[in-house]
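*Asks:* From just these sequences and the hints, can you work out the full model?
There are 2 protein chains.
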Amino acid sequence: MAFEYLTNLPLEQARHDYIELLVEKGMGSVPETIPVAEAGGRITAEAVYAGISAPHYAASAMDGIAVLAKDSFGATESTPVTLTAGQFIVVDTGDPIPEGCDAVIMVEDIVENTDGSVTIHSAAAPWQHIRQIGEDICAGEMIVGSYTELTPAAIGAMIAGGVGEVKVIKRPVVGIIPTGDEIIPPCPNPEPGQILEFNSAIFSSMLKAWGAEAVTYPIVPDKYDMILEALNKALDECDAVLLNAGSSAGRDDYSAKAIAQAGQVLYHGIAMKPGKPAILGCREDKPILGVPGYPVSGIIVIEELLRPIIDICMGRGKAACQTAEAVLTRPVVSGLKYQEFVRVRLGRVGDKLTASPLNRGSGVVSSFMKADGVLEVPQGLEGYEAGQKVNVRLLTDKARLDNTLVVIGSHDPLLDELGDMMHRQDRSMYMSSSHVGSMGGIMALKRGEAHAAGCHLLDSETGEYNLSFIRKYFPNGGVKLIRCVGRQQGLMVQKGNPLGLKGFADVAKDGVRYVNRQKGSGTRILADYLCTKENIDRSSVYGYDREELTHTSVAIQIASGSADAGMGIYSAAKLYDLDFLPVCIEEYDLLIPDFAYDTPMVRQMLDTMTSSEFKARLEVLGGYTLDGIGEEIPL
Amino acid sequence: MAFEYLTNLPLEQARHDYIELLVEKGMGSVPETIPVAEAGGRITAEAVYAGISAPHYAASAMDGIAVLAKDSFGATESTPVTLTAGQFIVVDTGDPIPEGCDAVIMVEDIVENTDGSVTIHSAAAPWQHIRQIGEDICAGEMIVGSYTELTPAAIGAMIAGGVGEVKVIKRPVVGIIPTGDEIIPPCPNPEPGQILEFNSAIFSSMLKAWGAEAVTYPIVPDKYDMILEALNKALDECDAVLLNAGSSAGRDDYSAKAIAQAGQVLYHGIAMKPGKPAILGCREDKPILGVPGYPVSGIIVIEELLRPIIDICMGRGKAACQTAEAVLTRPVVSGLKYQEFVRVRLGRVGDKLTASPLNRGSGVVSSFMKADGVLEVPQGLEGYEAGQKVNVRLLTDKARLDNTLVVIGSHDPLLDELGDMMHRQDRSMYMSSSHVGSMGGIMALKRGEAHAAGCHLLDSETGEYNLSFIRKYFPNGGVKLIRCVGRQQGLMVQKGNPLGLKGFADVAKDGVRYVNRQKGSGTRILADYLCTKENIDRSSVYGYDREELTHTSVAIQIASGSADAGMGIYSAAKLYDLDFLPVCIEEYDLLIPDFAYDTPMVRQMLDTMTSSEFKARLEVLGGYTLDGIGEEIPL
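Chains as they are written, first to last, in the numbering used here: chain A, 14 to 648; chain B, 14 to 648.
If you are wondering where the hints come from, they were derived from the structure by calculation, not from laboratory data.
Given the structure is predicted, the values throughout are model-derived calculations rather than measurements.
Misleading hints may appear alongside valid ones.
No copy labels: a pair is met if it fits in one copy or bridges any two.
[Claimed, not checked] Pairs of lysine-lysine residues, derived as DSSO-like cross-links and limited to a Cα-Cα distance of at most 27 Å, are as follows: (1) 289 with 515; (2) 485 with 383; (3) 270 with 289; (4) 493 with 350; (5) 587 with 522; (6) 270 with 515; (7) 383 with 180; (8) 180 with 587; (9) 411 with 459; (10) 221 with 508; (11) 83 with 508; (12) 183 with 331; (13) 546 with 515; (14) 350 with 402; (15) 628 with 180; (16) 221 with 411; (17) 628 with 493; (18) 331 with 411; (19) 180 with 459; (20) 331 with 365; (21) 183 with 383; (22) 587 with 628; (23) 331 with 221; (24) 532 with 83; (25) 83 with 522; (26) 289 with 350; (27) 221 with 180; (28) 183 with 221.
*Replies:* Written out as structure tokens, the structure is:
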């Protein structure tokens, strides 16, 4: 196969050609012999045959006497037969049948006489009440076939069949080499510019989940010689190697060169997104994958290109993946040039399964953690529209989705605590909360995509919260408004308030860098309202267009010194030890559709909300008032 | 709770009371702190919060220049702005944003001038093309909730969030104590009366599959003091203890006494079958289970009574089990006194899922291995009728059932080889074969419960095989007859033919112990035919009613000396090195319903059947003729 540099090969073809070549070169499953007792969950490399029978001797199936059936022939109620001491032997269940006997008579069916003889009133059929040799397993019979996962029962059957050791498939060992000058081992306090090396931990726990073993090598700086040396060492010690980072054709890219030197590069550049810069190479029959540095790209490359290789080396067929049909909540736009993998969050509300695309930034590992499924957009397709039905590969099992409370709307840290406490109280229940602002929550409820929505919408005319919005968007009702908390809203400023801001009016001052929330969020609406009230021209506020999605992310920009002020709730300011200029107490309530109100999950949430344990947690977070929490607010 | 001896407590109540008491006494999940990198698949003991943000510094999202946005204000196509060397700093993707800068302009959007300055034609918005601190994870935010299984992505997120160690739930350690004078460690050549100790291997591999750890202690003889000593030692070293065998109230039963002495016995005797003699006890908060010695009983007791305890100690909810509705192929009779657990073999043929009850002998571990599901018959119910729809708990996943070829009918070892080879050639395909004799196979096909049936039915009038039976039972067609093999049938006798038998006629001789096949099997029909032909009165044949279900099990009775002669095929005689008196070559063919004939699975089977590799295997087995194998026989 020709060396191709920065190709844009369709994923399917790349995978097929790559695997075909590796198999041609001899890649495949390797057997090893291990003790049967340790083989649970392993996969057989060949069929296993019984060495002995089970039972391996004829055993009494009853407590009673062993006899020669012939001696009992003719015995009836009217013509009983008496057996003298020599003609029978007392046996218990499991005892071997004595030489010369071929039947067992149950103790209930014999009459013991004083002279030690016994009388019977019915003849014994040959081999009655005897557990025959091989009743369970016959010597020489196949116990387990080839390439079969060994269950606990199979382990027992093999031992019962006299099998002491079994030939199973060796777990392939995959070496992981992290590279990059900016990469450092995990630590709690990295310097700016330093990137924590967590890819190896992700990759190895994926590999272990697939039944392989993973060896992580020390981080190698961007020096060609060192990368080549590390690669050769790993190739000597492992069955396959992942060379992480530096696989794009950019600056400091030595991966392709090193792989070509240590073995050969087959493809560099696959038509997949994320993951395009992937390198497919090998040394003899050992795969070498050049994996992009961004975690999300790396994970996709490994799932799509390494997993099928592991399956082959493990001697099993392609792992079947669960899929489900879901409705997209937002459009997904994709480039025609690539096959794209979009992580989605799934929500089961009523009969409807919805899929919400997650942040696609390939550096964002948290979106991976939140993902319940993967949506594949084929190469040559521009994407999907909102409301379109799509097929999603499941990462979360269906049962869990059915037991997950979907909360969409305004962000508040209390939701995480509420969800956590709910799950602690009932392990079968989960909460998934998405932060799209108060208005976003209302819209999600209207579309029937959520069980609950957090909202705190100020009606600037009435000064009243939520009610007027609900009347406007739910003119025919169908929802309940449940009081949650009063939240202290205010202006967050740096510790010690170095700019000496006195209130919101000061955000327009020269030299003040403001950081805002996204449009549609209750806090943004509040900020807009305050601008109007204070006659502030929004365009004169520096950074008013700088948008963050949560209170915490606003607070963190101020804490890190990249902004001087932003509106947010007290608990966020407290979390980062910021100064806080109170502006108002707002009503943060939960909007719940009638159909969901009486479901066990919502009930559980409301019970948790009103529990003293939850109130205690809110005390710790700070800035909340709890009067009437859990009460229904008349609309 | 009162001490109850040999109770017959309903399982549900016993389980509930037992767990309630243990939890009262303090049994539950125990946390341990481990490095995040090793925590994949473990379950969190508490919510995990980010220590640092990710990214932890504002980073350039592009290659280009970092600037102070203000300096670019006013720049348009018509009014370009030029920035002098001091006003910008070149940055690459991932570089920290330099002090005093708050925006990045992409390299594509700048014009470099000879004097080192750059010209731009559009203003930069503050914070454009900058990856904000906390874009992925905000310090202080909850990354993972309590009692949550850690996925690879969660591992990555925790490390990115500066979390080095995580509090997970400790795997409970379960001690297993095998007891019994007749029990010996696994070995290839046990003496009569000795029983190989394989329960511990089954139990520990079940426990490991549930996430617990298992420690197996040496076998303890039936001596009260030694059992008590072993029990106390295990209780000191483990979180729970299984005391195996001796839990019935029979002879040599010290379990209950020892448990009462080491701690307390709560219940002895549960209304479940198998498993009735189970003992539920504890020492403080440590569960002690007295488990019956029969493997099947033990497995059921552990599944029903220990697993829920493990789930609690692992901090997870009850594991959801997959179920399916299936049609019973045979009636299931159950005692009113017990809740019964019946293992079934499942078969998907067309749209029909059938459940065939397996041998319920509680010593039979091989039936466990063959089981695809469990049918529960509630206490107080007499059982189910054939053809009735029942709900079955799945042990085999649905995908595999859909890809399993169901073969029901006459037994031949070649079926195991065929199934094994099929799976070797296509890892996604499986074969399940049940031995019910040729007639049984025809009936199964008529009921639409099989994809294929092996049969070799001799028409004693015509001397012809299979055809007349098929015409009789399938008058309207609907099936194809595929030639498989010619099999050498004959009389199997002990090595060296010590009784000097000359042929089948001699089986009626005095002193000859015959072993037969079950009624409805082709070999039984052949034997009956030979009796008629030779004018032998069947009742004069000693052991003619002694029935075995397979050729191998007939052969093994002769090999072990418990019988002198039996009809069977050459390969079975060869397997046990018996002498063989040929009687005839019979036609062993495969009957396949039309609807199944063109399915991939049947095609795969026929391709495998005609492969040279398969023929080679038959050569090894011996006694087969292969002319025309795989050809369709005109009906």
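*Asks:* Each hint should be assessed against the structure and marked as holding or not.
*Replies:* Taking the hints in turn, this is what the structure says about them:
1. Taking the shortest alpha-carbon separations for residue 289 and residue 515, neither the intra-copy value of 51 Å nor the inter-copy value of 77 Å comes in at or below 27 Å.
2. For the identical chains of this complex, residue 485 and residue 383 are neighbours neither inside a copy (33 Å) nor across copies (63 Å), given an alpha-carbon limit of 27 Å.
3. In the homo-oligomer, the alpha carbons of residue 270 and residue 289 lie at most 27 Å apart inside one protomer (17 Å), although the nearest pairing across protomers, at 68 Å, exceeds that limit.
4. For the homomeric pair residue 493 and residue 350, neither the shortest alpha-carbon distance inside one copy (47 Å) nor that between copies (51 Å) is at most 27 Å.
5. Taking identical chains as interchangeable, the C-alpha atoms of residue 587 and residue 522 lie at most 27 Å apart only when both belong to the same chain, with a minimum of 25 Å there against 100 Å between chains.
6. Proximity of residue 270 and residue 515 under a CA criterion of 27 Å is satisfied in neither setting, with 60 Å inside one chain copy and 79 Å between copies.
7. For the identical chains of this complex, residue 383 and residue 180 are inter-copy neighbours only, at 20 Å across copies versus 40 Å inside a copy, given an alpha-carbon limit of 27 Å.
8. For the identical chains of this complex, residue 180 and residue 587 are inter-copy neighbours only, at 25 Å across copies versus 60 Å inside a copy, given an alpha-carbon limit of 27 Å.
9. With identical chains, the CA atoms of residue 411 and residue 459 are at most 27 Å apart within one copy only, with a shortest distance of 24 Å there and 37 Å across copies.
10. With identical chains, the CA atoms of residue 221 and residue 508 are never at most 27 Å apart, being 46 Å at best within one copy and 52 Å at best between copies.
11. Taking identical chains as interchangeable, the C-alpha atoms of residue 83 and residue 508 lie at most 27 Å apart only when they sit on different chains, with a minimum of 25 Å there against 102 Å within one chain.
12. When the C-alpha separation of residue 183 and residue 331 is checked against a cutoff of 27 Å, the pair qualifies only within one copy, where the shortest distance is 18 Å, while the shortest distance between copies is 33 Å.
13. For the homomeric pair residue 546 and residue 515, the shortest alpha-carbon distance inside one copy (16 Å) is at most 27 Å, but the shortest distance between copies (116 Å) is not.
14. Within a single copy, residue 350 and residue 402 get their C-alpha atoms as close as 23 Å, which meets the 27 Å cut-off; across copies the closest is 52 Å, which misses it.
15. In this assembly of identical chains, the alpha carbons of residue 628 and residue 180 lie at most 27 Å apart only when taken from different copies (24 Å versus 58 Å within one copy).
16. Taking identical chains as interchangeable, the C-alpha atoms of residue 221 and residue 411 lie at most 27 Å apart whether they share a chain (23 Å) or sit on different chains (25 Å).
17. For a Cα distance limit of 27 Å, the shortest separation of residue 628 from residue 493 inside one copy, 22 Å, qualifies, whereas the shortest one across copies, 73 Å, does not.
18. With identical chains, the CA atoms of residue 331 and residue 411 are at most 27 Å apart both within one copy (21 Å) and between copies (15 Å).
19. Taking the closest pair of Cα atoms, residue 180 and residue 459 never come within 27 Å of each other, the shortest separation being 59 Å inside a single copy and 40 Å across copies.
20. Proximity of residue 331 to residue 365 under the C-alpha cut-off of 27 Å is restricted to the inter-copy arrangement: shortest distance 26 Å between copies versus 30 Å within a copy.
21. In this homomeric assembly, residue 183 and residue 383 come within 27 Å of each other (Cα to Cα) only across copies, at 25 Å, whereas the closest approach inside a single copy is 33 Å.
22. Taking the closest pair of Cα atoms, residue 587 and residue 628 come within 27 Å of each other only inside a single copy of the chain (17 Å); across copies the shortest separation is 78 Å, beyond that limit.
23. Proximity of residue 331 to residue 221 under the C-alpha cut-off of 27 Å is found in both arrangements, the shortest distances being 17 Å within a copy and 25 Å between copies.
24. With identical chains, the CA atoms of residue 532 and residue 83 are at most 27 Å apart between copies only, with a shortest distance of 23 Å across copies and 97 Å within one.
25. Taking the shortest Cα distances, residue 83 and residue 522 sit within 27 Å of each other only across copies (15 Å), while inside one copy they are farther apart (114 Å).
26. In this homomeric assembly, residue 289 and residue 350 come within 27 Å of each other (Cα to Cα) only inside a single copy, at 10 Å, whereas the closest approach across copies is 65 Å.
27. In this homomeric assembly, residue 221 and residue 180 come within 27 Å of each other (Cα to Cα) both inside a single copy, at 21 Å, and across copies, at 20 Å.
28. Taking the shortest alpha-carbon separations for residue 183 and residue 221, both the intra-copy value of 13 Å and the inter-copy value of 19 Å come in at or below 27 Å.
Checked against the numbered hints above, the structure violates hints 1, 2, 4, 6, 10, 19; every other hint is satisfied.
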